[in-house]
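Model the full structure from these sequences, guided by the hints.
Line by line, the protein sequences give chains A and B. Count along the first sequence starting at 1, add 52, and that's the number in the working numbering. Count along the second sequence starting at 1, add 52, and that's the number in the working numbering.
In case anyone wonders, no lab produced these hints; they're calculated from the structure. Mixed in with the good hints, there may be bad ones.
Note: identical chains are not told apart, hence a pair may lie in one copy or across any two.
Quick list of in silico lysine to aspartate or glutamate cross-link-like pairs, EDC-like style, CA-CA up to 20 Å [to be verified]: (1) Lys266 / Glu413; (2) Lys542 / Glu131; (3) Lys438 / Asp526; (4) Lys438 / Asp76; (5) Lys438 / Asp406; (6) Lys266 / Asp290; (7) Lys542 / Asp100; (8) Lys531 / Asp101; (9) Lys531 / Asp100; (10) Lys438 / Asp244; (11) Lys372 / Asp426.
Small disclaimer: the values here were computed from a predicted structure and weren't measured.
Number of protein chains: 2
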Amino acid sequence: MSAITTSTPMSEVLQLQRSAFHRDGPPSAALRRDRIDRFAHAVVSHSDDLVASISADFGHRPEITTLVSDVSTLAIEAELTRARVGAWMRPRHPWGRIGGAAGRLAGMRTQVQPSPLGVVGVMGIWNYPINLTAIPALSALAAGNRVMMKMSELIPNTSEVFANAMHDAFDVEELAVLTGDVTVSGEFASLDLDHLFFTGSARTGSAIMAAAAKNLTPVTLELGGKNPVVISEKTAADRSAMRRAAERVALSRIANAGQTCVSPDDVYVPELATRSFVQEVFNAWGRVVPDMFEENEVTTLINDAAYDRVVNLIEDAAAKGAQVIGSMRSDDDGEEALRAARILPPTVILGVTDEMEIAHEEVFGPVLAVHTYDDVDDVIDLLAEKPAPLVATWYGPHDPEFAAFVARTRSGSVSRNDFAVSQSLPGIPFGGVGRSGMGAYHGKAGFDTFSHLRAVVGSELPISLATLVTPTADTRLLKVVRQGIAGYTKVLERRRRR
Amino acid sequence: MSAITTSTPMSEVLQLQRSAFHRDGPPSAALRRDRIDRFAHAVVSHSDDLVASISADFGHRPEITTLVSDVSTLAIEAELTRARVGAWMRPRHPWGRIGGAAGRLAGMRTQVQPSPLGVVGVMGIWNYPINLTAIPALSALAAGNRVMMKMSELIPNTSEVFANAMHDAFDVEELAVLTGDVTVSGEFASLDLDHLFFTGSARTGSAIMAAAAKNLTPVTLELGGKNPVVISEKTAADRSAMRRAAERVALSRIANAGQTCVSPDDVYVPELATRSFVQEVFNAWGRVVPDMFEENEVTTLINDAAYDRVVNLIEDAAAKGAQVIGSMRSDDDGEEALRAARILPPTVILGVTDEMEIAHEEVFGPVLAVHTYDDVDDVIDLLAEKPAPLVATWYGPHDPEFAAFVARTRSGSVSRNDFAVSQSLPGIPFGGVGRSGMGAYHGKAGFDTFSHLRAVVGSELPISLATLVTPTADTRLLKVVRQGIAGYTKVLERRRRR
Chain A
53 MSAITTSTPM SEVLQLQRSA FHRDGPPSAA LRRDRIDRFA HAVVSHSDDL VASISADFGH
113 RPEITTLVSD VSTLAIEAEL TRARVGAWMR PRHPWGRIGG AAGRLAGMRT QVQPSPLGVV
173 GVMGIWNYPI NLTAIPALSA LAAGNRVMMK MSELIPNTSE VFANAMHDAF DVEELAVLTG
233 DVTVSGEFAS LDLDHLFFTG SARTGSAIMA AAAKNLTPVT LELGGKNPVV ISEKTAADRS
293 AMRRAAERVA LSRIANAGQT CVSPDDVYVP ELATRSFVQE VFNAWGRVVP DMFEENEVTT
353 LINDAAYDRV VNLIEDAAAK GAQVIGSMRS DDDGEEALRA ARILPPTVIL GVTDEMEIAH
413 EEVFGPVLAV HTYDDVDDVI DLLAEKPAPL VATWYGPHDP EFAAFVARTR SGSVSRNDFA
473 VSQSLPGIPF GGVGRSGMGA YHGKAGFDTF SHLRAVVGSE LPISLATLVT PTADTRLLKV
533 VRQGIAGYTK VLERRRRR
Chain B
53 MSAITTSTPM SEVLQLQRSA FHRDGPPSAA LRRDRIDRFA HAVVSHSDDL VASISADFGH
113 RPEITTLVSD VSTLAIEAEL TRARVGAWMR PRHPWGRIGG AAGRLAGMRT QVQPSPLGVV
173 GVMGIWNYPI NLTAIPALSA LAAGNRVMMK MSELIPNTSE VFANAMHDAF DVEELAVLTG
233 DVTVSGEFAS LDLDHLFFTG SARTGSAIMA AAAKNLTPVT LELGGKNPVV ISEKTAADRS
293 AMRRAAERVA LSRIANAGQT CVSPDDVYVP ELATRSFVQE VFNAWGRVVP DMFEENEVTT
353 LINDAAYDRV VNLIEDAAAK GAQVIGSMRS DDDGEEALRA ARILPPTVIL GVTDEMEIAH
413 EEVFGPVLAV HTYDDVDDVI DLLAEKPAPL VATWYGPHDP EFAAFVARTR SGSVSRNDFA
473 VSQSLPGIPF GGVGRSGMGA YHGKAGFDTF SHLRAVVGSE LPISLATLVT PTADTRLLKV
533 VRQGIAGYTK VLERRRRR
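Dropping the structure here:
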């Protein structure tokens, strides 16, 4: 449909999109559905290319991971959005339908119209290149915006496949995909966009927000966190529940080689159950990845720097007294081969203390810190003091202990008895709080993030609100207002005496 | 209840509030209602003191303005919030009640819990010191947060009355009011708060957001704008509609001496009707403020700098060729007296061009720029290119022309046929977009702004989501996923052929 825009200066793309936005006004529901279909088709019809290019960019990534976590996730979101966008677009009634109708009879026509913001920027990330970049872009389109996407510089092959697919399906006025290095990202964050959506680290998120502040561009920041898991005493006491919990924690820790913003870094286990928990974790890993060198079984770490970073976290912990348990004993040759392939064997660390870097850094690798506890209240107190993670997970029944865990900790979401159920089910708001981010998306939350809820109110009344605040020689209004305030003061005093 | 906190370092107040927040967890509905009552009582029971102190801080401000715009507005918001907070707090069901119940039967318990953020900071402004500072604080309390308020340094008397009233009603752990100069404001914006709410200028808002970025503190920014008014041709052609429109524009321009973030700076009038429109504006001003020196009739400008700023805008426009029409001819002595009292006579400016400062600056004084037009489409195009204002106002029927105005311009809200109906009715979201701000409050919008919508999802299913993304020797899942994607691709292709 149009030339690839990576050659066009991005400020020109912005101008093109902004002019088109003003020229055309908010798109109809039919046009939005058409855009959603084109978007989804561009992704799913290139799923083989995406599987191959993501795998090439990572070093290796299993087909099932890309098809489920990236392609299918986007497809499900597209269908949900397509089915609901007509309803989400409709004017909302802050006084309810009945209140709104009554107001209208009385001469006040009151609506809140979800309105597109203009040109939305989406800064992508490499770990789930389609899921975390395409879903926000899709929501922004559905909300009637023009969209500029910046792909992560760590996935050049994927970016090219994705950009070509999108530019075949969209005019640059509607959607543009930019590629390029960190300089381009900096320039992108400094554009005078109408909203900037970013997924990545807290450090970069902070810089992005500061850049956006110059243009008063609102931001959504999807960051990460340590994503603690608590194994309740009840679960620890039930052998099959315990085994299931350990297996789910184990699998979630190695999915995408731990390069997942909702992946658990820390698990808290009742002291007596720790040994058997660790054993079950290794059993699960052994079942799932019996042979690391069977290439198609694991995702590799994204680059050498990432590999070295995780190894350094492990070595730092070991040097400071932690007990490191690797899943594989291998001779030096084996280690060399793993390092060359950027495959890190799943690892458990016991005895992590605050002095160790791993206690504070997001790991982004298949390394699980197992902590022991005596009293679950201590764990809750500890977590309450730490930065809020994207997700906190609890294994155990829906009981008062779980309620206390929910009430007294902060996190983007809470999952119980499984990995990521609070983030990956369709239609459920996904987003962090505190250090794990600001703003949410997925389903209606995404639509609302990229909409301005614009009140449109008309009056046919003979009296004006303006007269209420205008001083006048007529003191009747003043008397009425004074009486009202005095009466309300008495009401409040009666309430407080009760 | 506690010593005034202006002597306590603000970082200590933050620590106190944060510890209390973690210790107590989210407050019950009853406690929230009690806090709302205490808050409202602290304001309404001091309404005489507030009237006097605000008037002292301004120089003069009529009692009716403070009682209606500040005290009553807060009281109405408090009652609305009190009545609805129980409902707003309740868990929400992203799949609907029926979908949620079905999910639960199937083993998935899905809720979205509106959760308090922690410690919320509110930076106040002087022009409506209670309304614009107390309402966001009230919403933050209702959402279960602890609140730190920083009062504007331009209203020392008001700040003292308000702070004393609040500290009699609240423990510092619940709510603290800080006073002090711009240095204190800078320190406040740099606190590691869980949300920062600011009302003020775009320039300061940008600096506040940059400071908040360092701590990843989400911000709500309530800024301002030129708030254009369009008099449609139909209204201009109807003598009584025209008179009413002119009167409402005239009154809204001088309310609070124009020191109002939703006050109209610009009005666009059909060319043939311009003379009679200006005449009607002056007629309205003459009726309402026949004698400027009758002290209790007008609000004064907040300080000499503000007075000089507005006078400079007028003089700059005049020097560059605009026609300035003052509402009062007075000799030099009269002008001196007005300047000493900081009373600026209402003024109309015709022939404003882009070279004049007043075309770009928010006026914040009783000066109305009247522009003429031939074709309303040109006005819409012009407004679409300008920064989005807090409110855009249209005088005319609810017809396709109005619909085009709504669709093709951006603004925080749209009022039709009256001043501020889209901002001042209870329960309607209030907030800007683009240069006029980000985020909204009032009613449920305020509650949601200060809440994190936290998904809490539990699973009792025997299968885990984690297994879906884990590579396995069993390729059945991979086959199913591949087939699903291929099938969906065909569905999309069929849709596009239709």
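How the hints compare with the structure:
no., hint, in the structure
1, Lys266 / Glu413, "between (29 Å within a copy, 18 Å between copies)"
2, Lys542 / Glu131, "between (55 Å within a copy, 14 Å between copies)"
3, Lys438 / Asp526, "neither (60 Å within a copy, 40 Å between copies)"
4, Lys438 / Asp76, "between (48 Å within a copy, 17 Å between copies)"
5, Lys438 / Asp406, "within (11 Å within a copy, 52 Å between copies)"
6, Lys266 / Asp290, "neither (55 Å within a copy, 45 Å between copies)"
7, Lys542 / Asp100, "between (72 Å within a copy, 15 Å between copies)"
8, Lys531 / Asp101, "between (75 Å within a copy, 17 Å between copies)"
9, Lys531 / Asp100, "between (75 Å within a copy, 13 Å between copies)"
10, Lys438 / Asp244, "between (35 Å within a copy, 14 Å between copies)"
11, Lys372 / Asp426, "neither (23 Å within a copy, 78 Å between copies)"
The structure fails to meet hints 3, 6 and 11 from the earlier list, while all remaining hints are met.
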